[in-house]
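Chemist: So the protein sequences, as listed, match chains D and L.
Going from the first sequence to the working numbering is simple: count from 1 and add 40.
Going from the second sequence to the working numbering is simple: count from 1 and add 1017.
I should point out that these hints are in silico values taken from the structure, not numbers from a laboratory.
Every residue, glycine too, gets a C-beta built ideally from N, C-alpha and C.
Please note that the accuracy of each hint is not assured.
Here's a subset of chain D near chain L, in silico, CB distances under 7 Å, partners left out [to be verified]:
| no. | residue |
| --- | --- |
| 1 | Ala-154 |
| 2 | Ala-158 |
| 3 | Met-578 |
| 4 | Pro-580 |
| 5 | Ala-583 |
| 6 | Arg-584 |
| 7 | Arg-594 |
| 8 | Gly-598 |
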Amino acid sequence: MKVDDTRSIDGTFDVAVIGGGVNGTGVARDLSLRGIKVVLLERNDLAFGASGNSSGMIHGGLRYLQSNPKVTKESCRDSGFIQAIAPHLLFRIPFLMPIAAGLKGRIMIELIDAYFRAYDDYQPLKRSKTHVRLSASDLSALEPGIAQKVSGGMGFDEWGIDGARLCTLNAVDAKEHGAALYMHTTVESIARARASSDDQREPHAYIVRATDRITEKKVIIKARYVVNSTGAWGPITATLGGVGSKRVRVRPGKGIHVVFDRRVSNYAIIGEAIDGRQIFVEPWQNMSVIGTTDDDYYGDLDDVVATSEEVRYLVQGIARVFPAIRQARAIGTYAGVRPTLYDFGPNEDSLSREHAVIDHAEDGAPGVYSMIGGKLASYRLFAQEMSDILGNQLAPSSRCTTHEKPLPGGDKVPDAIVLAGENEISPVAGRRLVYRHGSRAKRVLQRLVKKPRERAIVCACEPVLEAEVRHVIAHEMARTVDDVARRTRLGLGACGGMRCAARCGQIVADELGLSPLDGLDQARTFLEKQAKTRVVAMGPEQARQEALALAQMRSTLGIKGPDKGSR
Amino acid sequence: MSAQRSVVVIGSGISGTAAALAAASSGASVCVLAGAAGATVLSGGALDFEDWATSAPHRKLSDDTERAFLQLDFGSLPDEGVIVATTAGIVRPAAGADHALLDLDRVGRGAILVPRGDHPAWDAPALARCWGASALATARSVTFVALDAQLNRFKDERFLPDAEVAARHDDDARLDWLAERLREVLSRNPGFVGVLLPPWLGVKSSRAETLSKRVGIRCGEAIAGLAGPSGSRFTAARDRAFSKASIGIVSGWATSTRATKTGWRVDLEGDAWLDADAVVLASGGLVGGGLAYSPSAASAAAELPPNAMPTIRSTVMCDAILGAHDEPIGSPSTFFGAQPEAIAWPFARDAWIERVGILVDEFGKTRNTPDGLFACGDALADRPRAWLDAFVTGIRAGRAAAT
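Bound-form chain D, shown alone:
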């Protein structure tokens, strides 16, 4: 490993965490709560990768019950912890699993019933209800849109979550406990620091060099330990550290989701894709989402986009069980890459979502660790495992408290309707605000006392108040329109940002002291990115809207257009 003997250092830390996904922010929070000095570096934004593009569930790992019940139990227990620390962020998603008519179906229903009985043992861990067996008529009463020919089905209980909010809250809490966070900052090298006389007690230290991708400012960090929690980017990060990627191997699995403009069903419904894989349509926040695919991915990790064939694969599968999906209005897609543990041979679905910590002492880099694998539902546990290893060396008397201490806003969640009335905002806006911010919604609304105009709704689809946009820039480290969208869901609704992106760009520019033209440019970049995720799910009506959106943007904002090199 190379030695970096720079003396101009921006900060010295105990641990440098690379990657702002749920694992990275989880570790940063855990260590910060233990009083350990942490810096987190993220190449894009918090939750940019798999964490912000998952199915948005803190599920109990039902599918692992057969292969590895331990995973199921851990998932369920941790789901309970997450509910305790961020009660505002979780919402119940009741699932229906229709089972086809016919002899096979009648046998299947017995097997599945037994399977769920086993799952029921773990459900109390996450405060979920036990499963119910449903007749065909129960099913059609609960969800009239389900295709008729079923022999019955199951109902079971899972929890939804906004993964981007989860990462944000972990990051904010870490920051409030002393962590330094650098977003949009790419790590370029990790090298051993030259040992100096005052470093006698330190067995090792690393210099991490990075560049802010927006300001192009260099950042040089010194840290005793380095955690590589960059998910699918893991092998790339390991290479930067000179430890090679041989032991940091992931099997990158791309998963896409199609988003609809509203809730098209009351319940999540499980269906089968043409190849027999389980897929679902779920009511998620204020929309419906269908997911998901799982395909080996070897493309650009910074530019993962759903394709129209993936969309058709999902819609075709869901249409068999819920035909009305073809009439529903798809408003976009999102895609991410799972950092599954590497294995050559098995098909994507049977790969484990388990996680592992790799100690690079063996590679000649003591104090460098890679976190591989994992899933949203067990992020806290994985972060704890990583933090325990570091905590034992850095602060042996401390212990993990991430399962007890509420995340920011997770204490005493206020009544949204009362809060909305007190602050003269619409109940819907109040509801959404409290969902995202819990008790901190009060802090957001506190702004209105001095600046009543911030009551204005910037994004009508979600809706998002101007006060919230300013809050996430000031307190949640958002630096672009895209960042604001990730934290507030601004611009991710039915209008695709057409009504709010330009305005949001101005607010970002105002808060961060940028030129108004930079704000407009951010808006354009956001709108073009959104269009890219939208067209692949385009149906006949959407095509008209797409053409209209284009005409509208051409007229009022101007677009870079294909000739100007926009991808």
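Could you slot chain L onto chain D? The hints should help.
Modeler: Just chain L, lined up with the frame of chain D:
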């Protein structure tokens, strides 16, 4: 029967209007078939030949085209073009503008008042900052200042769409009230050279001129995004021009058009038809509904694959050939039709969601059909989706249809 030629124009947007006016002034008897609101009604009022961001906006119209434009009495086309502000925060050039828009070149250098009322969608300070930073504004020494003003006469107007507020300003008394409020601000804060308002200045005709007289300095609108009043003002101007030129409007939908022994027949919904010597397809593009995108997957049953159909078709059935890049559309690329990411912006240079349409010759006559079928406006292939281009192609097709 006289020798007067008869022309049916399918579509009453900007290109259909131009075609009808041109055909009528060439001596034809004209009937316009009006379906519903299309792209023209959604346009913001900037008059472009093509995308302003990528091409020079100025171009001289031929004299008779300009005459037709003036006959419409909808906007102005100064030789040097206009400079207008948009509600998205851009200051941009255009070849011309709806009368209601504020042309910054006509205002001249100085400070422009951007009144800030209790209207959450109109973020005056942010817009003023943004317009003020634009190169076009700084080059002209134009600045923008946001000041509080009472703009809502009634409380409900806080959340009203722009076009509805615009409709209220058709009323003289209401316009007087607005002028009075603006004068109040200006008397406390003298020195402004113009007033830039949200897109609120009338739906029957532009109220900018009247308001300017009453306020004492030039007043005008910013370009609306969606649902602005400019489209309504166009519709009113069109109806006035049609009635002067004795052009009839029939409301209804054309389902198909075909050549007969003596001319052309347009079949309408509900077992009716119109016969004419020539037909002009001014039925619009994807936005207007003249073209339809219909991937097979959308109409398929739960079980696939369906048959592979062409993904884009004209909603008025006819023998005209659809294409892009001057070539007919080939067969669909997949079982389900086209791959949208291959055709739709912003993926490729060949984003033919904006280019696909009817192929015509230089006179606007459709290819490979008998004489007498023409197309114009957004229905055309390979044309910029722009107001003035639609107008010019409409004039061309209308004139050719009448002779």
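Chemist: Would you list, in rising numerical order, the hints stated earlier that this structure does not obey?
Modeler: 1, 2
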